[in-house]
Amino acid sequence: MTMMVSYIFLQHYWWIIVSLLAGLLVFLMFVQGGQSLIFSLPENNLQKSMLVNAMGRKWEFTFTTLVTFGGAFFASFPLFYATSFGGAYWVWIAILFSFSIQAIAYEFRSKPDNVLGQKTFDFFLLLNGSLGPFLIGVAVGTFFTGSQFNLNQMNQVHWKTSWYGLEALLNLRNLALGFAVLFLARINGLLYILNTIDDKELIKRSFKRLIPNSVIFLFFFLFFVISLLLSKGFASDLTTGTIALEKYKYLNNFIQMPMVMILFLAGVAGVLTGIGVSLLRNSRSGIWFSGAGTVLAVFSLFLIAGFNGTSFYPSSFDLQSSLTIKNASSSLFTLKTMMYVSFIIPLVLAYIWYAWNAINNTRITEEEMKIDEHKY
Amino acid sequence: MIENIDLTLVNWSRAQFAMTAIYHWLFVPLTLGLSFILAIMETIYVRTGNEEWKRITRFWMSLFGINFAIGIATGIILEFEFGTNWSNYSWFVGDIFGAPLAVEGILAFFLESTFVAVMFFGWNKVSKKFHLVSTWLVAIGANLSALWILVANAWMQNPVGMTFNPETARNEMVNFWAVLFNPVAVDKFLHTISSGFLLASMFVLSISSWYLIKKREELFARKSILIAGVFGLLASFMVAYTGDQSARTISKVQPVKFASMEALTEGKSNAGLVLVGLLKDSDKKIGDRIMKEFSFRIEIPYLLSVMTGGDKDAYVKGIEDNVTGNDKRGVMSVSEKIRRGKSAKKVLVDYKMARITNKTEQLEHIKAILNDKNFNRDYFRYFGYASVDKPENVIPDISVSFYSFHLMVILGFLFIFMFAGALFFLFRGTISDNKWFLWTLLFSIPLPLIASELGWILTEMGRQPWIIQDLMTVSKGVSQINSGSVITTFILFVILFTVLLISEVSIMVKQIKTGPRH
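Sequence order for the protein chains is A and B.
Note that the numbering used here gives residue 130 to position 130 of the first sequence, counting from 1, and the numbers run on in steps of one.
Note that the numbering used here gives residue 406 to position 406 of the second sequence, counting from 1, and the numbers run on in steps of one.
No lab work stands behind these hints: they were computed from the structure.
No residue lacks a Cβ here, since even glycine has one placed at the ideal position from N, Cα and C.
Keep in mind that the hints are not guaranteed to be accurate.
[Unchecked claim] Examples of chain B residues lying across from chain A (beta carbon under 10 Å, computed): (1) 80; (2) 84; (3) 91; (4) 475; (5) 478; (6) 482; (7) 487; (8) 489; (9) 504; (10) 507.
Please build the complete structure, drawing on both the sequences and the hints.
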């Protein structure tokens, strides 16, 4: 019995870690949000250079978080990794493609003899900045709306559409989440610019752009949340593991896990406060609120996707092939070993914090762009 | 349960993974080695306060940055291709394979990416010491990343520390330390990072030679050659030593691969070590497979026997011993392994049937068999053989194995002389006078890269037909998607990676021509 309890505990523990990484990832996609503004926000090359360098000093954090998110998911819920990546092939490939062009775009864009020219690399940044968050949002949307696959007895996935994941783009709720994530990334991008760049004109323009982006974000976000709460969800029987559709499943999850609901509401409030203090008080610290809010909101959305007997990767084709944190997890031994490894995470966060502040202790200025040797 | 194997899909999936891996490996070894060279150079700067060393460090750092980004770009694709293209494999081994990948992210990637930002942007923002520590942490982080992915690869060559769980139809880890300290993993890690050190040293040496040929930046070039020469010489000895260790380990855990890389069809005592050789088809066949023989060779008598068995009379098993079996030497034939693999698979199928039909008693009975140690040792370890059609199919491509191995070794020894030569001429003060030597060094820039890629070709092609040695064949591990999708992404990635490579080389050449800043 104690073994069973600890296995269940570990499955929950790892879902929490995966959810936390997801929250951090969406927050860190402010980098992508900033990139998506590369052609529209700056008025001249100097402003563009400041924007690119503000984002460019952080792109590796987002990137590493994405990779670690994938790695942690693989280690703790390998059946998800195998099922989703091996089935929804095209969605993931498109996401990867958009991230692989980001990595070099920063480093190569302003270097002489870069063959493709700065415009192309800036276009890569735009592509990654827009497609990356959008597609990740759409992919996560399928955690709630389901995909069409089944698993055979050897747990091997068979995808049931020839679109291999692209069919997720036909679902309104997935699309809404995709756009919500994209515009949230853009909001966070703008707030980050306000926080780190010292340039009057750019600041003015960023404040201005915050309004339409917030309105669009709220539209898609509310559409997603309301339709989620009203929709059926994929419930897993806690004892038999049988999957069935349940009315208002996600709403029930919030009600049955009030702590998660509080976290979610606090997250939403955080994002709104971030936008609010920036617009109403011209504050330049909004990113702190909206950043923390983003982490909390995404974290709690992941919790209602996986906790309380819910399938986090449902199959709408064959309900019983749906993945839960119970049937998709690693063995007790692996989860336990991985738990010991995870104890190092606070240390990792601590040094990231330290190094981050060491670089961000002064704001980016025009002068710095003119003299700095290693700039993008 | 038995899938129809779509060979087109399997081959294109292999091609895509191999192409990504080969591209990725064009950039990674330079990151592994150059990061340490930067750390050494910056240490000298901080200790001496000599601004020249700062200039040197910053120049090589700018080349490091260009290379680093593209390594990451190809790396992310590789990590996720385990899932997108090899999902059956991912599930079968995810319980073991996933853990190193996650540890890699948590432990190594963050270390690398956090401090690389300080290294690039922190020169005027943080203290000298903090900057130096950051540079060292980047080097350590980069090399730690290599550790975990190599642990995962080693497990595919020599699966240890796990047991099969019939309930979930996968292998599950039971001993983390066995996975981490797998002898193949230890050899592989040391051999790989030292080859990275060597490659980066040659990179620095070659480019510095160009400056000497052009009579530019001579002080800068000499100082760079000093560091790269010493570091490279040490690394090349380490490469030779760890390579030898690796080969010994392979002879134990992957005997068919070992015999193929030595092109040893029939086993023998007093076996010589072939230094250079050319292969041709022989009259001998194993099953349908035509074997190879030497049309020309230079060999050191007895050495292979001595190296693998400790004395010149030691018997070295050939491909034939391993495939058709050799009772006298205690080698089981592949047909016997196939029989045992099929028995193991039948037990698993029976188990699944009993599960479906809810026959509890039978289920318990089969479970006991599956958990039995002897059954695992004598039968289940050959599980993968159930999907081997003919015994000779376990022989990898002999020519590929032989040539990739021997060319790599020849180059490896050549590098020792090049580093030693560079130091010799440097200390005698005549390096600038020996133009022929400088030109040789300059044109040697791709050689370590070729050697390094050959090493991987041997590792991966030599393991065929297995994706996991003895447990799963490559064709069983593939994702069941349509081959059209894989062909399309293959083409997309080839174009992307090639364009990026051209761009990278062009930027680097320009950067080198511009030279270090004054």
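Hint-by-hint comparison with the structure:
With a least beta-carbon distance of about 5 Å to chain A, the hint placing residue 80 of chain B at the interface is held under the 10 Å criterion. The closest approach between the C-beta of residue 84 of chain B and any C-beta of chain A is roughly 5 Å, which is under the 10 Å cut-off, so the hint is satisfied. The interface hint given for residue 91 of chain B is met, as the beta carbon of that residue sits about 4 Å from the closest beta carbon of chain A, less than 10 Å. Nearest Cβ of chain A to the Cβ of residue 475 of chain B: about 13 Å, over the 10 Å cut. The hint is violated.
A cut of 10 Å between beta carbons decides the hint on residue 478 of chain B: the least distance to chain A is about 9 Å, and the hint holds. The restraint placing residue 482 of chain B at the interface with chain A holds, with a minimum CB-CB distance near 7 Å, inside the 10 Å limit. The interface hint given for residue 487 of chain B is violated, since its Cβ lies 12 Å from the closest Cβ of chain A, which is over the 10 Å cut-off. Taking 10 Å as the C-beta contact cut-off toward chain A, the hint placing residue 489 of chain B at the interface holds, the least distance being around 5 Å.
A cut of 10 Å between beta carbons decides the hint on residue 504 of chain B: the least distance to chain A is about 7 Å, and the hint holds. Because the smallest distance between the Cβ of residue 507 of chain B and any Cβ of chain A comes to about 5 Å, under 10 Å, the interface hint for this residue holds.
Violated hints, listed in ascending order, are 4, 7; each of the other numbered hints is respected by the structure.
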